[in-house]
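There are 2 protein chains.
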Amino acid sequence: MTGRSPSTPFDDRVRPDVAVVGAGPIGLAIAWRCASRGLRVVVHDPAPGSGASAVAAGMLSPVAEAYFGERQLTGLLLASAARWPAFADELTEASGAELGYRTEGTLMVGLTGDDLAEARRLWAYQQGLDLPVTPLRPTELRDREPALAPRVRGGALAPTDHQVDPRLLVPALRTAAQRAGAVLVPQAVRHLSEVDARVTVVAAGCGAAALTGLPVRPVKGQILRLRAPGGAAPGFRHVIRGYADGEPVYLVPRADGEVVLGATVEERSDTTVTAGAVLRLLRAGVDLLPELAEYDLVEAVAGLRPGTPDNAPILGPLPGRPDVLTATGHHRHGIVLTPVTADLIADLVTTGVADPLLTPFRPDRFAGTAPDPTAAPGAADLDVPDHTLEEDS
Amino acid sequence: MTGRSPSTPFDDRVRPDVAVVGAGPIGLAIAWRCASRGLRVVVHDPAPGSGASAVAAGMLSPVAEAYFGERQLTGLLLASAARWPAFADELTEASGAELGYRTEGTLMVGLTGDDLAEARRLWAYQQGLDLPVTPLRPTELRDREPALAPRVRGGALAPTDHQVDPRLLVPALRTAAQRAGAVLVPQAVRHLSEVDARVTVVAAGCGAAALTGLPVRPVKGQILRLRAPGGAAPGFRHVIRGYADGEPVYLVPRADGEVVLGATVEERSDTTVTAGAVLRLLRAGVDLLPELAEYDLVEAVAGLRPGTPDNAPILGPLPGRPDVLTATGHHRHGIVLTPVTADLIADLVTTGVADPLLTPFRPDRFAGTAPDPTAAPGAADLDVPDHTLEEDS
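Protein sequences, first through last, are from chains F and G. Its first residue numbered 1, the first sequence is counted upward by one per residue in our numbering. Its first residue numbered 1, the second sequence is counted upward by one per residue in our numbering.
No lab work stands behind these hints, which were simulated from the structure alone. Treat the numbers as computed from the prediction; the structure is a model and nothing was measured.
Simulated DEER-style distance windows between Cβ atoms: (1) F:Gly113 / G:Ala117: 25 to 35 Å; (2) G:Thr139 / F:Glu118: 39 to 49 Å; (3) G:Arg190 / F:Pro85: 54 to 64 Å; (4) F:Ala86 / G:Asp256: 50 to 60 Å; (5) F:Asp114 / G:Thr112: 20 to 30 Å.
The C-beta atom is built at its ideal place from N, Cα and C for all residues, glycine as well.
Please build the complete structure, drawing on both the sequences and the hints.
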């Protein structure tokens, strides 16, 4: 362990090197990586892990989520997914905790002829990017997952799209960050002037909008958790993603019997669970995998993803504030993007040099789109750090 | 108030007149009625109101629930529903609590042509019994409930089928019973020998089977609670019952915005909520009333109704044990049957004379169908009360 020993109490009279605002997976991973490099790190969050990650499914799916018109995002997703195996090993080692990391791969399916046609257009695009997508014959599909409904018309395999359990990931990251010496402060930060550190990292999810003025908006997602009856494991092993009568849906099986069934994507900022969304999810899930009808419905929740105008995260220095780095706007990709975000932001903090991977995701791509709340009273009093951050390379 | 004043502490050294086992609505109403007549009453229940009533919808629907082959049950349902207005008034007076008693009536509808044909067969039967069922023209149906789906093919009105809120009813009954002098003992009764009173009333719902040997079995029901968005009242006033693609379903609107959507009828004894049941209920509910899709889904629960071989309750003395009265097996009708059960059992306790209404529901109609657990050790030591109960008149 390269960080400060937990037996050396953090001296809060000394100004920290890094203050991270937000203790979701992104903020905690950044804190872990920075503390492991010997930096003094504080993390501010009144309720660690209570944001989007608390309801996330944990799919690590750069291939299945490679959509038309998002090539730069796809590149980042692939780069992060490639880091996941080593990241999981390191984190398990550092925390002593299981993460539910599974590598059976992802099946992409279409229920009806129309669903399959839609899916095939996407697979062709993904194959055009040389991504590992293997269309399966119906018999091959059933050999892999006999529990799929006979009605399912066709599918393809994305063998490198894996999964992790976000509800195990967050406590593991918290343990690892604290063992490396990071200090968690259970307080909300309402303005950046309340934070005193050489570098501030805003990893506050949807809360980043109020802190930075960046165009981060809440995107509601409703999601269900089912459980196989009698304590059994689910009757399928792959992550299953598909279209069912036009409804996009995914099913994530956990070893302990849980199945995550999600998720809606709604331009709303409330977190109520609605009858219509639960109906749509259950109908699509049961249509694809009939045995789900016999599963216990143990949870129906809604969360808010931090969305951005181009669906891509916002990573790097805030315009005019080189001492403030943002790591937010991960939308539906926060879990898969955790390793690359943590590594590159820690590099930026440590070396002042931004990796070229970050270039498309710089905050200044939205320059002029919103007022600057950092110009509020007190912001002018903040020190500018004595190292300069190179914002592009 | 004719009962014992709550300021006169109950002397537990004196043998009670009546011990009621079970503090659901049936047991509490019996306790209230008996205590109001000056009897010393104790009620045993470790968790009052935690049985079937906790999930019940509270429909008072003797007409809509008048089914083929259940004429004696229908008679009892009608007799009890007729007592409900006065019962509600008295209980509100005695408890000072609201009951959510509403009299807008019940609409019975059919979604498809097949559903309507099925419904019409039942309405014809109900009209043949001279029950108040008024078929409505489609325009009349929409005038009454504009929120009904345009697809709904037809309906009928049962103006005398009302509703009450069971979650308000139980605390009101508890207050009324205690104010009348009844004493609640928060202990489970595992054998009748643990109870010492002149008369024991078994109102333990599904628990009556183990106590009496009577053929009471759990019948699982899954039920949802929705809430109109923004704190509004639901967009409909009647209780709506119907068939939707063959699925029987009901919707009960409450003044506070709640809508109860139920219910499955399953020959199972677990209380898990299953994905398939929630899907069926939501699909049927939204098909009948599309605006429900926008409602919050606030609760999905399962409860166990006390069912009997003939779907009718078991009311009266246990064979061979004139000191033990049963009031159980109310199945799907516990709320509507509360007043008549309480009145007639209290009469029987007080006078020893059984009302003729009780005759079809005597426990001895199942004589010989089950072993007699009251013959277990200790039962022979019980006193037989010095008044004899006339079991038939």
